[in-house]
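A.B. asks: Join the two chains into one complex using the hints; note that each chain is given alone, in its own frame.
Read off the chains here:
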Amino acid sequence: MHIILNGDSVETKDEITVAELLQQLGISRERVAVELNADIIPKADYDKHLLSDGDKIEIVHFVGGG
Amino acid sequence: MAQTSDKLIIGGREFTSRLMVGTGKYASFEQTALALEMSGAEIITVAVRRVNLDRSKESLLDYIDLKKYTLLPNTAGCYTADDAVRTCRLAREAGMSDFVKLEVLGDEKTLFPDNEELLKAAKILVAEGFTVLPYCSDDVIVCKKLEDLGCAAVMPLGAPIGSGLGIRNPYNIRIILENVSVPVIVDAGVGSASDAAIAMELGCAGVLMNTAIAGAQDPIAMAEAMKLAVIAGRLSFKAGRIPRKLYANASSPLDGLIG
Chain A
1 MHIILNGDSV
11 ETKDEITVAE
21 LLQQLGISRE
31 RVAVELNADI
41 IPKADYDKHL
51 LSDGDKIEIV
61 HFVGGG
Chain B
1 MAQTSDKLII
11 GGREFTSRLM
21 VGTGKYASFE
31 QTALALEMSG
41 AEIITVAVRR
51 VNLDRSKESL
61 LDYIDLKKYT
71 LLPNTAGCYT
81 ADDAVRTCRL
91 AREAGMSDFV
101 KLEVLGDEKT
111 LFPDNEELLK
121 AAKILVAEGF
131 TVLPYCSDDV
141 IVCKKLEDLG
151 CAAVMPLGAP
161 IGSGLGIRNP
171 YNIRIILENV
181 SVPVIVDAGV
191 GSASDAAIAM
201 ELGCAGVLMN
211 TAIAGAQDPI
221 AMAEAMKLAV
231 IAGRLSFKAG
241 RIPRKLYANA
251 SSPLDGLIG
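Protein chains in written order, with our numbering: chain A, 1 to 66; chain B, 1 to 259.
Just chain B, with the same shape it has in the complex (with noise of 0.2 Å):
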């Protein structure tokens, strides 16, 4: 089959699925887990936070086998790079694990990237050896600078985080395609199956989400979903589609028509 054959490197760690899933925003840490098992994803998204000092609390790691994700803790919720760098740093000592998801937030009610600051993080974390994971404007320029940054994938918006408004430009993911040589992920804003579908048939190496699935009604169902469109949407960008074409162009044979 197509897709065993068709691995994702990161940061040279190979993954089978294209799909990966943030754990926030579920109604229980049994629903994320059942969310995450259907989803087929490999990589999921973790967020750093305090620990609750009440120990009646249970923990999201009580519920997931490590064994079978690799976690991508996120700098959401960071304005600076320095907060994103610390970040990382907590996340690195925490997971023991170099992988991270680089977010540097502009402004909230957007939540668009802030790429001078991003920029100035990943230069950093790079050299610290961190595997960075880069969520970035669609933008050709600030993705090609993440490149030659080091960073081991880009991973620009198709719309604002949490929007589900879908791919608002492929043109500008298609240009980003043709002039980066990192793998592609599009990050935030796919809000259904199609539209993940969409972004795989662009030729994007995967694809990230996690309101689309969390915020589904039926969650689980939209995890499965998103599997398939991400499988069905690789296949389809690897079989090649035909020419869109203005007019007709029958199907069946002309020849021997009765008369």
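Chain A with its partners taken away, still in its complex shape (with noise of 0.2 Å):
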């Protein structure tokens, strides 16, 4: 299935979790947050939480700032 991942469409299997996709990335849950069609997937369902084709996914994470 393609979701689109920050901002990019990007191929992925079917039946993927957010913790499996941050995996997959090589992304540490502990400092990104994740937004799943503009709400916030709280980390304690980042297991349970199924990803659909056509989701659209935001991880964010700190960089430098003023």
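Just so you know, the hints here were simulated from the structure itself, not pulled from any lab data. Check each hint, because a few of them may be wrong.
[Claimed, not checked] In silico lysine-lysine, BS3-like type, Cα no more than 27 Å apart, as pairs:
id, chain 1, residue 1, chain 2, residue 2
1, B, Lys-57, A, Lys-56
2, B, Lys-68, A, Lys-43
3, A, Lys-43, B, Lys-67
4, A, Lys-13, B, Lys-57
5, B, Lys-123, A, Lys-43
[Unchecked claim] Covered stretches of chain B, as calculated for chain A (at least 3 residues, CB under 8 Å):
id, segment
6, 32–40
7, 70–83
Ideal Cβ positions, reconstructed from N, Cα and C, are used throughout, including at glycine.
C.D. replies: Structure below.
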């Protein structure tokens, strides 16, 4: 299936959870926030939340700023 | 010492340093970490951005000891209340803290705050339990409204962000200081150590800066200069300066002059 990940169309396997996606990307869940179709997914839900075809996902973290 | 008993309290948390420092625009993460260390800052600002999906890229937080610093995520780049609120919610989820530096910009050229959108966002965020530190105009009416909404501090600009023009309107800052009871922190505009000292001598609770340190020829040395300026300015304010007089007043006794 296709998801929109940080603005880019990305192909993933079906039945993928948020936790699996982060793992696949090599991103530690500790210091990121994940938004799914404009709603924040709490960290506690990463393991159970399944993504669907066409989902829009934003994964953000902290960068240098003033 | 005066500094140890003179704590800055924001959102129920105590801080010893009154200098807050941004983490943008440094040449490297190593330089960022060294400048932060030298500044003595306890509160550091960060921005919220998309994760780079190229895993080879290092992250700022790999270089920063999160036990030493309180992260203050900003909403830089947000031009509407909705975007700023969305960014704050993401920041809270990423950082597990309620502290946010709220900025809602009105214009790319000046980066002046859009105070109408700022107030709208502040109201929503306070209701959601955030500790809101808003970057705002040096306008006492806006500052009072932000205080009334429940913001933990107000952060009027000294001059445009990154301009280094110093405290352009010290009288406005004084009026704000006289009329709000939450901490007043000058955010933006500082160019040199004397600018930071002036903000503190006016009676501000703290100073927040980024470019003045990161953009200096030697950011590490400037970080130390800013640390000392903020301490000196605070002590000078607390000590109480002499009144300004037009004419001289001799420092040496007039009695016992040889004649």
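A.B. asks: If you check each hint against the structure, which ones fail?
C.D. replies: Those not satisfied come down to hint 6.
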